[in-house]
Amino acid sequence: DQQVKQNSPSLSVQEGRISILNCDYTNSMFDYFLWYKKYPAEGPTFLISISSIKDKNEDGRFTVFLNKSAKHLSLHIVPSQPGDSAVYFCAASPFGNEKLTFGTGTRLTIIP
Amino acid sequence: GAGVSQTPSNKVTEKGKYVELRCDPISGHTALYWYRQSLGQGPEFLIYFQGTGAADDSGLPNDRFFAVRPEGSVSTLKIQRTERGDSAVYLCASSGAYNEQFFGPGTRLTVL
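First to last, the protein sequences are chains C and H.
Heads up, the first sequence is in the working numbering, so the first residue is 10 and it goes up one at a time.
Heads up, the second sequence is in the working numbering, so the first residue is -8 and it goes up one at a time.
These are calculated hints, taken from the structure and not from any lab test.
Take these hints with a grain of salt, some might be off.
[Said to hold, decoys possible] Here are the computed lysine to aspartate or glutamate pairs in the EDC-like style, where the Cα-Cα straight-line distance is at most 16 Å: (1) C:Lys108 - H:Glu5; (2) H:Lys2 - H:Asp77; (3) C:Lys108 - H:Asp77; (4) C:Lys108 - H:Asp47; (5) H:Lys2 - H:Asp47; (6) C:Lys80 - C:Asp64; (7) H:Lys69 - H:Glu91; (8) C:Lys108 - H:Glu35; (9) C:Lys14 - H:Glu35; (10) C:Lys77 - C:Glu24.
[Unchecked claim] To list a few chain H residues with every Cβ distance to chain C over 12 Å, as calculated: (11) Gln41; (12) Glu62; (13) Thr67.
The beta carbon of each residue, even a glycine, is placed where N, CA and C say it ideally should be.
Only chain C is shown next, with the shape it has when bound in the complex (with noise of 0.2 Å):
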């Protein structure tokens, strides 16, 4: 039972253009939301958050936007750099709980 869905496995995004990465979840006890992004042989690194309480949340290149009444978030990567080329994780933890769900990620190619 997939609790934080990431749809898309893979995405290609031309350089300097907007990158859209989304996700879905199924369990509305869940009330903050994380992104991760991680390089190959690293620990994943936290990007930004969002509490249920926003519907948006930026910083810097990146905003994350909250759809409550559809359980969905997305991150925004804008303009998108060559260094942002990562898989990207989607989390999510009840409140009270630290204790964090992760999606199966998001491989995204930013191409020169």
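Please arrange chain H on chain C, whose structure you already have, making use of the hints.
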């Protein structure tokens, strides 16, 4: 160092052997987590410590897996009678006052 460190980086063992994986969290972080990542999947939660005690061990797959954190800092994940299905990257993370978890580089365990 400033980040989470894990040793060894790679561990190859034979089926039936016992292994220990070590995690050094970020100094001052009270929460420590263990996750397991199999090929093509996102990290899966194993166990979470708050201080010295296991606050949530619901992700441990069976009683062959055990983890300790005796002094509230370093943690050791112990796997008895290893099986080929235990082969994965074992990730450790720590967090402080906020929910962002900071991951180590992982230990790649291969059971032959």
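Evaluated hints:
At roughly 31 Å between alpha-carbon atoms, Lys108 of chain C and Glu5 of chain H are farther apart than 16 Å, so this suggested pair is violated. Pair hint Lys2 of chain H plus Asp77 of chain H holds up; C-alpha atoms about 12 Å apart against a cutoff of 16 Å. Between Lys108 of chain C and Asp77 of chain H, the direct Cα distance comes to roughly 21 Å. Violation of the 16 Å bound is thereby established for this hinted pair. For the given pair, Lys108 of chain C sits about 8 Å from Asp47 of chain H by alpha-carbon distance, which is consistent with the 16 Å threshold.
At roughly 26 Å between alpha-carbon atoms, Lys2 of chain H and Asp47 of chain H are farther apart than 16 Å, so this suggested pair is violated. Between Lys80 of chain C and Asp64 of chain C the CA atoms are separated by roughly 11 Å; this keeps the pair inside 16 Å, and the hint holds. As the CA atoms of Lys69 of chain H and Glu91 of chain H are separated by approximately 25 Å, the hinted pair breaks the 16 Å bound. Restraint check for Lys108 of chain C and Glu35 of chain H: satisfied, since their Cα atoms lie roughly 10 Å apart, inside the 16 Å limit.
For the proposed pair Lys14 of chain C and Glu35 of chain H, the alpha carbon gap of about 13 Å is at most 16 Å, so the pair holds. For the hint pairing Lys77 of chain C with Glu24 of chain C, the CA-to-CA distance comes to about 31 Å; that exceeds 16 Å, so the pair is violated. With 12 Å as the threshold on Cβ separation, the claim that Gln41 of chain H sits away from chain C is violated: the shortest Cβ distance comes to roughly 9 Å. For Glu62 of chain H, the requirement that its beta carbon stay farther than 12 Å from each beta carbon of chain C is met, with the minimum near 21 Å.
With a cut of 12 Å on Cβ distances, Thr67 of chain H stays outside the contact zone with chain C, its closest approach being about 18 Å.
Hint check: violations occur at hints 1, 3, 5, 7, 10, 11; the rest are consistent with the structure.
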